[in-house]
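Q: Residues in the sequence shown are numbered from 1 upward in steps of one, following UniProt numbering.
Errors might be hidden in some of the hints.
[What the hints assert, rightly or not] Derived pair list, reagent style DSS-like, types lysine-lysine, alpha-carbon separation capped at 27 Å:
1. 92 - 108
2. 240 - 180
3. 71 - 92
4. 71 - 113
5. 113 - 198
6. 198 - 158
7. 198 - 71
8. 160 - 240
9. 96 - 108
[To be verified] DEER-style ranges, computed between Cβ atoms:
10. 185 - 158: 46 to 54 Å
11. 112 - 237: 39 to 47 Å
12. 138 - 245: 35 to 43 Å
13. 68 - 214: 39 to 47 Å
Simulated from the structure, these hints should not be mistaken for lab results.
Yeah, the Cβ is synthetic: ideal placement off N, Cα and C, and Gly gets one too.
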Amino acid sequence: MTPLAIICTPTPYSLFLSLNDTGFGIGAYIAQWPEGILQRAGDSLTISCYQNYSNFAYMFWYQQLPRSGLKLIVSSSTWSQNVYEDGYSEAKFEVKRQNTDYSLMTIKNLTPKDEATYFCAASDHTVGTKLTVMGKNDEIIPPAVAIFSPSKQEIQQKSKATLVCLASGFYPDHLTLVWKVNGVKRTEGVGTDESSTKNGSTYSLTSRLRMPAWEWFNPLNRFECVASFFQNGTTQSINKFIHGDAGE
1 MTPLAIICTP TPYSLFLSLN DTGFGIGAYI AQWPEGILQR AGDSLTISCY QNYSNFAYMF
61 WYQQLPRSGL KLIVSSSTWS QNVYEDGYSE AKFEVKRQNT DYSLMTIKNL TPKDEATYFC
121 AASDHTVGTK LTVMGKNDEI IPPAVAIFSP SKQEIQQKSK ATLVCLASGF YPDHLTLVWK
181 VNGVKRTEGV GTDESSTKNG STYSLTSRLR MPAWEWFNPL NRFECVASFF QNGTTQSINK
241 FIHGDAGE
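Using the sequences and the hints, build the whole thing.
A: What follows is the structure, encoded as structure tokens:
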């Protein structure tokens, strides 16, 4: 079997609120890690999960294959054996419940079929770990990033201006795009493709920033697109920017 590399990057922990039987709110959170790891096929990968509400006796692990729905792998509790769903086994997905708060899942003998997003859950809340598989000899290819100016027709007809950021030619499919205006992250008016588009052996991703036309027609405004990707064990970034139009 040709050795493969594994890149693992989680989503950050999330705060959540659930209700008990009496209707009182219970504030809790659940966290999942590691933040990033590079391994080869045949190795094992351990994902840790923590939740801080001791009344949640059950914890669950899910797998979401690319462009597929969630599948329950196993459920665990502090007082009974782990229960595995059909198609999953302890030999492949070993889960240890150290105490009420912690659960560890070790995926053994990693292969390309293990490429997925893995979620841990306590009660009704989940956070995820995305697993990307790439060949040992495959190189991580950074994206080429470009920003395209707004359409004059949109500005004239709708008094709106939309910038388009295109990241292309990257590999693997493990990239995020963020907009900044004058150095401050912008989320309002931002629309990013839900998933990357595969073009042969590489990928592309687009994001759009829509704003009032008057904001675009200010040459002092700096619009920046930041592409972040995983390389050499750390997150790298490529920044491209464009200034507003002077309207001359």
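Q: Does each hint hold? Answer for all of them.
A: Tested hints:
no., hint, in the structure
1, 92 - 108, "5 Å, holds"
2, 240 - 180, "10 Å, holds"
3, 71 - 92, "15 Å, holds"
4, 71 - 113, "14 Å, holds"
5, 113 - 198, "18 Å, holds"
6, 198 - 158, "32 Å, violated"
7, 198 - 71, "25 Å, holds"
8, 160 - 240, "22 Å, holds"
9, 96 - 108, "14 Å, holds"
10, 185 - 158: 46 to 54 Å, "25 Å, violated"
11, 112 - 237: 39 to 47 Å, "28 Å, violated"
12, 138 - 245: 35 to 43 Å, "41 Å, holds"
13, 68 - 214: 39 to 47 Å, "44 Å, holds"
Of the hints listed earlier, those the structure fails to meet are numbers 6, 10, 11, in rising order.
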